[in-house]
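Chemist: Here is how the chains run, residue by residue.
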Amino acid sequence: MKLDRSIAALLALALTGAAARSGAQNPGDRIKALDAEARAAESQGQLEVAIQKYQAIVNLYPRLPAAYNNLGRLFYQQGRFHNAIEPLKRAAELDPNLEAPHAQLGFCFFQLGDFASSRREFESALKLSPNDAVAKLFLARSLLELRDVKGAVKLLDQLREADPANVEVLFSLGWAYADLSVSTLGAIQQVDPGSYLIDVLQGKYAEVKQAYPEAAEHYKSALAKSPNQPDLCYDYAHALWASGDFPAAMQQYRHVLELNPDDYRASWEAARIALLDNPQEALRLATQSLEVKPDTAEALTIRGRALLALGKPSEAIRDLKKSSELDQNNAANYFQLARAYRQLGRTEEANAATADYERVQRKTHAIPAEDVQASPH
Amino acid sequence: MTHSRRGLLGSAALALGSGLLEYLTAPLWKWRATPILKAATRPDPDPGPPVTFVDVAQEAGLTTPNVWGGVKTKRYLVEVKGSGLAFFDYDNDGWLDIYLTNGIRFGETYTPQNAPSSHLYRNNRDGTFTDVTARSGLGRTGWGTGVSVGDYDNDGWDDLFCTYWGQNVLFHNNHDGTFTDVTVKARLHQDRVRWGAGCTWLDYDLDGFLDLFVCNYVELDIDRVALPGQKGYCQWKSVAVACGPQGLPGGLNILYHNNGDGTFTDVSAKAGILKPGPRPSLSAVSYDFDNDGWPDIYVAVDSNGSLLFKNKHDGTFDEIGLQAGVACSDDGHQQAGMGLGVGDYDCDGWFDIFKTNFEGDACNLYRCNRDGTFTDAAYAAGVGALCPYVNWGAGFIDYDNDGWPDIFYVTGHAYPEVDDAKIGSVYKSPRKVYRNLGNGKFQDTSALTGPGISHPFSSRGCAFGDFDNDGDIDVLVFNMNDVPSLLRNDGGNRNNWIKLKLIGTKCNRTAIGARVLVTVGNHTQMDEVHSGGSIMSQSDLRLHFGLGPAKVVDTVEVRWPITHKAEKFTGIEANQILTIEEAAGIKKKQKP
Chain Y
1 MKLDRSIAAL
11 LALALTGAAA
21 RSGAQNPGDR
31 IKALDAEARA
41 AESQGQLEVA
51 IQKYQAIVNL
61 YPRLPAAYNN
71 LGRLFYQQGR
81 FHNAIEPLKR
91 AAELDPNLEA
101 PHAQLGFCFF
111 QLGDFASSRR
121 EFESALKLSP
131 NDAVAKLFLA
141 RSLLELRDVK
151 GAVKLLDQLR
161 EADPANVEVL
171 FSLGWAYADL
181 SVSTLGAIQQ
191 VDPGSYLIDV
201 LQGKYAEVKQ
211 AYPEAAEHYK
221 SALAKSPNQP
231 DLCYDYAHAL
241 WASGDFPAAM
251 QQYRHVLELN
261 PDDYRASWEA
271 ARIALLDNPQ
281 EALRLATQSL
291 EVKPDTAEAL
301 TIRGRALLAL
311 GKPSEAIRDL
321 KKSSELDQNN
331 AANYFQLARA
341 YRQLGRTEEA
351 NAATADYERV
361 QRKTHAIPAE
371 DVQASPH
Chain G
1 MTHSRRGLLG
11 SAALALGSGL
21 LEYLTAPLWK
31 WRATPILKAA
41 TRPDPDPGPP
51 VTFVDVAQEA
61 GLTTPNVWGG
71 VKTKRYLVEV
81 KGSGLAFFDY
91 DNDGWLDIYL
101 TNGIRFGETY
111 TPQNAPSSHL
121 YRNNRDGTFT
131 DVTARSGLGR
141 TGWGTGVSVG
151 DYDNDGWDDL
161 FCTYWGQNVL
171 FHNNHDGTFT
181 DVTVKARLHQ
191 DRVRWGAGCT
201 WLDYDLDGFL
211 DLFVCNYVEL
221 DIDRVALPGQ
231 KGYCQWKSVA
241 VACGPQGLPG
251 GLNILYHNNG
261 DGTFTDVSAK
271 AGILKPGPRP
281 SLSAVSYDFD
291 NDGWPDIYVA
301 VDSNGSLLFK
311 NKHDGTFDEI
321 GLQAGVACSD
331 DGHQQAGMGL
341 GVGDYDCDGW
351 FDIFKTNFEG
361 DACNLYRCNR
371 DGTFTDAAYA
381 AGVGALCPYV
391 NWGAGFIDYD
401 NDGWPDIFYV
411 TGHAYPEVDD
421 AKIGSVYKSP
431 RKVYRNLGNG
441 KFQDTSALTG
451 PGISHPFSSR
461 GCAFGDFDND
471 GDIDVLVFNM
481 NDVPSLLRND
491 GGNRNNWIKL
501 KLIGTKCNRT
511 AIGARVLVTV
521 GNHTQMDEVH
531 SGGSIMSQSD
541 LRLHFGLGPA
551 KVVDTVEVRW
561 PITHKAEKFT
571 GIEANQILTI
581 EEAAGIKKKQ
591 KP
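Residue numbers (our numbering), protein chains in the order written: chain Y, 1 to 377; chain G, 1 to 592.
The shape of chain Y in the complex, shown without the other chains:
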């Protein structure tokens, strides 16, 4: 819609200018009148009437490129892509320096699945107007459809740099990366069909989809082909944890730590499980993690919780405070701090920590005003 509006604005100027340039007796007035009628009809949703007005213009003045372009745009809006192509092509022929017909043609071909033609038209549009972000985005999408993933990623990276918050660009990049992943997977399968890396990649894809049991299965298969790789064992343990299979995850974390006692991730994640029924063990594991990497906020939180469970709120507060300094947006730290203060009877500090908890929760779960009424569980 944004594109349509910009094209409409562009065409309004072009059409008036063209009429003025024609120099005929009252032709400008006639065109202006028809153009005004067409716009009025379009604003009321009467696209068919608007089309008739532009057809009247091109019948009267067959060399007005903007009129052809407007006609094509209206056909496009109606979803009549085949009908749109001829007037848009005519507009491009009549004024080779007009970008809009090329961009519109690109959209028509894109909608019709003719990605080679959409690529050609978007490239033409961008030559005339290199900063048209929408044309660039759809050129990238055309390239993706044509399997030119690298070319698409290059364009999308440029777009992301210009506007990091553009979700359409981010989505397309995600699509491109997924495509790259699939092609990479295919390449591995061709070179070494039995490689454990295929299972690892499939596990990673499953994790992206939050299909953790599936991810765990893939990692398990990978480990069967290539056992005792610490990082792979860690991936497996983590997927098991995310699947909710805590006993199996704990067993796997312990295996990771046998292979590499300095794996601080495995230590604190194992501590997280131990916390459920064995705070003493959680304390040991979290401490082991912190000895390797002292500023691990998650490990500090877990150790704080373990200390709390062991009835040592003062020591817990030290860890929880440090963790909240390292990660101010983790509401859980304030929640646990409030508990610790309550255990000590320090009500005011407990209330302050509760207020911090609620503040961070509100901030974390805040939804932009424009997106209210648009977010599921």
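Rather than coming from a laboratory, the hints here were simulated on the basis of the structure. Even glycine gets a Cβ: it sits at the ideal position worked out from N, Cα and C. Treat each hint with caution, since some may be false.
[Stated by the list, open to error] Examples of chain G residues toward chain Y, derived with CB under 7 Å:
#: 1; residue: Lys237
#: 2; residue: Ala240
#: 3; residue: Tyr379
#: 4; residue: Ala380
#: 5; residue: Gly424
Since the structure of chain Y is already known, use the hints to place chain G on it.
Modeler: Chain G alone, transformed into the frame defined by chain Y:
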């Protein structure tokens, strides 16, 4: 009517006379002074053939499927949430009848003949039911969500409060099998569309009249809300689904005070109910969680912190969910609270809370620390595994009558669209049953408890009660766009049991808030008469206790609200239903 009931207290001594009854007139029972109950008896580790649940809905005559939005896809959140149902004895014949809520479907037009409506089924006392909706006046078409039962005017007949996405309705029981909509007369009419969900009757100010707490879920305006997949947000695991509840304005809960003259006053602001602000609240239940003799309120909230309103004894409440440890998960994460059950699962004299949550999260088992605070013991108790299903109605029920409350809950995904998405989720899923092992732990017995448990449905509300009066707890389940399940308990009555119907005379007639302690040897169980709970549903108001092999109950102690007096009955024979009237003793004995 109220005056005459009050009069009974003075003549109580005349009504006594049963050798089983010891009427304790003084001193006043001190709730806080209650010693921690000892629970020395353990369930039999080898309980014999498993109790099974068999779906007998078809044979029982519950054959009308409900209509609840789209079947394969749903555009709006109201189509997703479903509703509850009720077991209640509307005709006072001692047998549970059934009330079923119903919805509609967007884009369909209905005639009076084919419009889906709520239903009332009368218990034929032979395992079957008769649809008496037409005569009863309870048939309504609309998005009927929740239901709660209580005798608000103390006339001896239970009335029905029903919530809607639309206008809630209070139905007065006319004592003749019919009901009258008294919403406007009772001043419960609302001036705009709200989404009422769970609701519960309670006498929060102990004036002898039932007050009403109503959860409001979210503000839903279907003319404004984005459609599935729109704006890139209305997706769950990349599947386009109905928008909400996050992003939709939460609802404000309401506390209505019963004025004692058939009308109610909204006291939400004055009572402190509005203080936590709007939240998508789904289920509410009232129990005395801190043993101070006054009813508190717990509310399961979706996608936000759940709420515990502590009664301050002066008509107001403090919201203490976070401080008490029942607002969120043990690690401080907000959860999508759905259904809830309350019971004293460890038989220590303090009520515990079981709360169900969304897929990928664990249920909570908030064990009371005996000081009004709670610890989430779900994992340690064996019920804390991450759930592969979305979980809804729940309750503590002693399904095998071994004297220890077990856990039962129903499941079913929110979004039917997941079935085709191949993301590892399913719309229809089995029920879950966990047997209480008597040592703080539960065993998942779902696979052992029959086809009524293993057969998958997309369920929402469930109600618990003994519809065939055979001495074990059956379950009624609401299934989306389907017939209900009536899960008959087969084998629970191999153990002994006792069931109590309480009638208040000084307290509210339904005796909501009355507490019963049942002791066999040195094992004491406890429950309170309550409405609401599960999710948007009403269970049997009678209290049921399993007794294991014991053929005699040593003591039944009833602690009445308002007076806080305790009545003790000793040497009670097992396997019967007793009707006990406040200050008047055992009025009726009924055997299967």
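Chemist: Confirm or reject each hint.
Modeler: So, going through the hints one by one against the coordinates:
1. Lys237: Status holds, d = 6 Å.
2. Ala240: violated, 10 Å
3. Tyr379: holds, 4 Å
4. Ala380: This interface hint holds because 5 Å falls under the 7 Å limit.
5. Gly424: holds, 5 Å
In this structure, only the earlier hint numbered 2 is contradicted, and the remaining ones agree with it.
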